[in-house]
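**Student:** Please work from the sequences and hints to get the whole structure.
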Amino acid sequence: MSLAIKDDEIDIVIGAIRSDLTSFMNEWRPMFSRFHIIIVKDPDLKEELKIPEGFNLDVYEKPDIDRVVGSSTSGLFSGYACRYFGYLVSRKKYIISVDDDCLPAQDPKGFLVDAVAQHITNLTTPATPFFFNTLYDPFTEGADFVRGYPFSLRSGVKCAFSSGLWLNLVDHDAPSQALKARQRNSRYVDAVMTVPAGSLVPISGINIAFDREVVGPALVPALKLAGEGKFRWETMEDIWSGLCVKVACDHLGLGVKTGLPYVRRIDRGDPIVSLKKEWEGVKLTEEVVPFFQSVRLSREATTVADCVVEVANAAKERLGSTDPVFARAAKAMLDWVNLWKLVGSISSQSPAV
Amino acid sequence: MATVSPTPLLKDELDIVIPTIRNLDFLEMWRPFFQPYHLIIVQDGDPSKVIKVPEGFDYELYNRNDINKILGPKASCISFKDSACRCFGYMVSKKKYIYTIDDDCFVAKDPSGKDINALDQHIKNLLCPSTPFFFNTLYDPYRDGADFVRGYPFSLREGVHTAVSHGLWLNIPDYDAPTQLVKPLERNTRYVDAIMTIPKGSLFPMCGMNLAFNRELIGPAMYFGLMGDGQPIGRYDDMWAGWCTKVICDHLGLGVKTGLPYIWHSKASNPFVNLKKEYKGIYWQEELIPFFQSVTLPKDCTTVQKCYIEISKQVKVKLGKVDDYFNKLADAMVTWIEAWDELNPSGVKPAELPNGASK
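Line order of the protein sequences matches chains A and B. So the first sequence is numbered by numbering that gives the first Met the number 0: it starts at 0 and just counts up by one. So the second sequence is numbered by numbering that gives the first Met the number 0: it starts at 0 and just counts up by one.
Don't read these hints as lab results, they were simulated from the structure. All C-beta atoms in this analysis are idealised placements derived from N, C-alpha and C, irrespective of residue type, glycine included. Please note that a few of the clues may not be correct.
Here are the simulated lysine-lysine pairs, DSS-like style, with alpha carbons at most 27 Å apart [said to hold, decoys possible]: (1) B:LYS279 x A:LYS108; (2) A:LYS157 x A:LYS5; (3) B:LYS327 x B:LYS276; (4) B:LYS73 x B:LYS266; (5) B:LYS48 x B:LYS73; (6) B:LYS108 x A:LYS108; (7) B:LYS266 x B:LYS279; (8) A:LYS157 x B:LYS48; (9) B:LYS317 x B:LYS327.
One side of the interface only, derived from the structure: several residues of chain B facing chain A at Cβ under 10 Å [to be verified]: (10) PHE133; (11) ASP146; (12) VAL159; (13) HIS160; (14) PRO177; (15) LEU180; (16) PRO198; (17) PRO231; (18) ARG234; (19) TYR235; (20) GLY241.
Label-pair ranges, simulated between beta-carbon atoms [what the hints assert, rightly or not]: (21) A:ALA3 x B:ASN326: 47 to 53 Å; (22) A:VAL58 x B:GLU185: 30 to 36 Å; (23) A:GLN292 x B:GLY144: 24 to 30 Å; (24) A:ALA116 x B:ASN269: 36 to 42 Å; (25) A:ILE265 x B:THR6: 55 to 61 Å; (26) B:LEU126 x A:ASP266: 53 to 59 Å; (27) B:PRO297 x A:LYS330: 38 to 44 Å; (28) A:ASP57 x B:PRO7: 56 to 62 Å; (29) B:ARG156 x A:SER18: 34 to 40 Å; (30) A:ARG317 x B:GLY144: 20 to 26 Å; (31) B:PRO231 x A:GLN292: 37 to 43 Å; (32) B:MET28 x A:ILE265: 22 to 28 Å; (33) A:THR321 x B:GLU157: 19 to 25 Å; (34) A:LYS330 x B:LYS312: 47 to 53 Å.
**Tutor:** Structure representation (structure tokens):
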């Protein structure tokens, strides 16, 4: 059941939180150069972007965002959330997105990891959410389904989302990062696996790939923290949209994979400074996770957009009174679904905006 | 760099259970790691054969005559001519933890070339918590160098008690017969440096080749079924125990881990022989999986034994119509619990867990 993805079906989307992308783009050049790239500049970033030559790319900045979605909505795309604009305006079927402070990692043999190729492999081979395979991804070379794995489940389902990992600086929240300031991840776990159906997972937005046509409407910067900042541990938007994606995929029988590829995350920022801000994200997680664990989607929700609407309505109803951030998130999700219908689902034959 | 505290040996709290029908030569390679521990050898097949245990090991050995003598008529629940007989060892053990290993499993090497002390890793896995309620993308968060990722609720970071540690195999992978026939030369050479908790609500195929568990927490669920001589099926013993165990662990809020440690599995069994044994299982598992996925246990099932008896009732009702074998198996499950409780009277029984959460 393997798909074949052509290069021109893929967009690489980079949210530029920092202006100088020279070394970032040059280090990724061997992996990126074949593909069309969308770079979205954080609307709050004042400096000019520096991007090296030799790439096939489109750059979007605040005026472009204002033009497409209106200046009242463009605030949705500040900070890390700017990359969602890239997802919206892309005309390709698949998106691969990496934070601008991540570089190619090395595998244990010393070879540079082609994260793009690995994400493509993850998306083109089936996922197996209904039964856990103890040898992990059975479609990897040298592996298979183990004894006791039902044959009727061996064709798997479509993988709609691939979530990669990070060497060096891991994606911790601020308290953990501050406590373990010197800890760096050097453990390369050579596995891809499907996250089982019914199991929720915190999907970090740092290193992801997905089928835009299928899950695009669920990738929405809805949960914006009041103190949201320009470091990953000051954000929650990806965790919230990742939970939406997982709930929708579980409901629709699609797969979410986690594991390879690794990227290498550069040291950046001081988590202790971030700790001085309110631990808003950490507190909100205590409400967010039980909410998603209890969401039940109806039989009428047959697309990801339908699922997003139902989750938004449930969020408004159940969490709206807990904290206004949830009511805002619910509204943002509904707006996003409409925006997606207007802008996002224009076919790939149309010219880019 | 912080010093890593040594793993407790638990040498008076752990039994190693080994089923064998051939010999125990493999123990020589394991001697540096196993010698401190008490072994329970369950000798399958011809009881008149003498199985020599290498010098220097502390052990008790049971053959079929012993099993029949100890259990009387209840011995009918223990398989003959199948490694499923190993669960007799779990029943007679008086220890808190069990490690079971097959006699064709040897010490593997990690990527740096160092011998892997599989038992040490299993002990580590069992002594530290599991995290079944939310998947940690960095796998076991309690491992050196790892932690919970952003977005993981702090209220879930204490984890739950670990009941089972399921290890893996390098070299000959644990494939079913059809896969073995199609890929006779495939060897598992991938060392995946991770341990993870299998999420609540997810079933998995539990292999008994390299397995450890907390006998006090989950022992009665580790019944390896009716297999081998006189039975229509083989090579589903550990699968059956694993599905029952996982359902019960999910119900009681206990954790099941899989991943490290690796052992080196040396012997590929004959795929044609395996196919004959597995044949019915390949069809039956299509019914078994939906059955286990939909089992619900009532709130008043607060002990493993109560959960297990409840599952046996549901097996009779829902699987009896698939094949009469399941009626016999359901009865054997009850016999097993009766025998377990007889051999492990209330002083040693695990305490009732309060408020067993229903699914």
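**Student:** All hints, please: hold or fail.
**Tutor:** Structure-based check of each hint:
1. Annotation: proposed proximity of LYS279 of chain B to LYS108 of chain A is violated, straight-line Cα distance about 44 Å (limit 27 Å).
2. Our distance criterion of 27 Å between C-alpha atoms is met by LYS157 of chain A and LYS5 of chain A, whose separation comes to about 17 Å.
3. Taking the CA atoms of LYS327 of chain B and LYS276 of chain B, the gap is about 18 Å. The hint holds against a cut of 27 Å.
4. Restraint check for LYS73 of chain B and LYS266 of chain B: not satisfied, since their Cα atoms lie roughly 33 Å apart, outside the 27 Å limit.
5. A distance of roughly 24 Å separates the Cα atoms of LYS48 of chain B and LYS73 of chain B; the hinted pair therefore holds under the 27 Å criterion.
6. The straight-line distance between the Cα atoms of LYS108 of chain B and LYS108 of chain A is roughly 17 Å, inside the 27 Å bound, and the hint therefore holds.
7. Pair hint LYS266 of chain B plus LYS279 of chain B holds up; C-alpha atoms about 24 Å apart against a cutoff of 27 Å.
8. With a C-alpha separation of about 54 Å, the suggested pairing of LYS157 of chain A with LYS48 of chain B is violated against the 27 Å cut-off.
9. Distance hint between LYS317 of chain B and LYS327 of chain B is fulfilled; the C-alpha atoms sit about 13 Å from each other, no more than 27 Å.
10. Interface hint at PHE133 of chain B: satisfied, since its Cβ lies 6 Å from the closest Cβ of chain A, which is below the 10 Å cut-off.
11. At a threshold of 10 Å, the smallest CB-CB gap from ASP146 of chain B to chain A is about 5 Å, leaving the interface hint in force.
12. Nearest Cβ of chain A to the Cβ of VAL159 of chain B: about 15 Å, over the 10 Å cut. The hint is violated.
13. Below 10 Å, beta-carbon pairs count as interface contacts, and HIS160 of chain B has none with chain A, the closest being about 19 Å; its hint is therefore violated.
14. Given the 10 Å rule on beta carbons, the hint for PRO177 of chain B holds: about 8 Å separates it from the nearest Cβ of chain A.
15. A cut of 10 Å between beta carbons decides the hint on LEU180 of chain B: the least distance to chain A is about 12 Å, and the hint is violated.
16. Evaluation of the PRO198 of chain B hint against chain A yields a held restraint, the C-beta minimum of about 4 Å falling below 10 Å.
17. The interface hint given for PRO231 of chain B is broken, as the beta carbon of that residue sits about 17 Å from the closest beta carbon of chain A, more than 10 Å.
18. For ARG234 of chain B, the shortest C-beta to C-beta distance to chain A is roughly 7 Å, which falls under 10 Å, so the interface hint holds.
19. Of the supplied interface hints, the one on TYR235 of chain B holds, with its beta-carbon coming within about 7 Å of a beta-carbon of chain A, less than 10 Å.
20. Evaluation of the GLY241 of chain B hint against chain A yields a held restraint, the C-beta minimum of about 8 Å falling below 10 Å.
21. With their beta carbons about 49 Å apart, ALA3 of chain A and ASN326 of chain B fall inside the hinted range of 47 to 53 Å.
22. Between VAL58 of chain A and GLU185 of chain B the beta carbon distance is about 47 Å. The supplied range of 30 to 36 Å is therefore violated.
23. A C-beta distance of roughly 29 Å is found between GLN292 of chain A and GLY144 of chain B, which places it inside the suggested range of 24 to 30 Å.
24. A beta carbon spacing of about 39 Å between ALA116 of chain A and ASN269 of chain B agrees with the range 36 to 42 Å that was offered as a hint.
25. Separation of ILE265 of chain A from THR6 of chain B is about 35 Å and departs from the stated range, judged on CB atoms against 55 to 61 Å.
26. Taking the beta carbon of each, LEU126 of chain B and ASP266 of chain A are about 33 Å apart, not inside 53 to 59 Å as hinted.
27. At about 42 Å, the CB distance of PRO297 of chain B to LYS330 of chain A agrees with the hint of 38 to 44 Å.
28. In this structure the supplied range 56 to 62 Å holds for ASP57 of chain A paired with PRO7 of chain B, their Cβ-Cβ distance being about 59 Å.
29. A hinted range of 34 to 40 Å for the beta carbons of ARG156 of chain B and SER18 of chain A is consistent with their spacing of about 37 Å.
30. At roughly 38 Å, the beta carbons of ARG317 of chain A and GLY144 of chain B sit outside the given window of 20 to 26 Å.
31. Our hint of 37 to 43 Å for PRO231 of chain B and GLN292 of chain A holds, since their Cβ atoms are close to 41 Å apart.
32. As the Cβ distance of MET28 of chain B to ILE265 of chain A is approximately 45 Å, the hint placing it in 22 to 28 Å is violated.
33. Roughly 23 Å separates the CB atoms of THR321 of chain A and GLU157 of chain B, a value that falls within the hinted 19 to 25 Å.
34. Against the hinted window of 47 to 53 Å, the Cβ-Cβ separation of LYS330 of chain A and LYS312 of chain B comes to about 50 Å, which satisfies the hint.
Hint violations for this structure: numbers 1, 4, 8, 12, 13, 15, 17, 22, 25, 26, 30, 32, all remaining hints satisfied.
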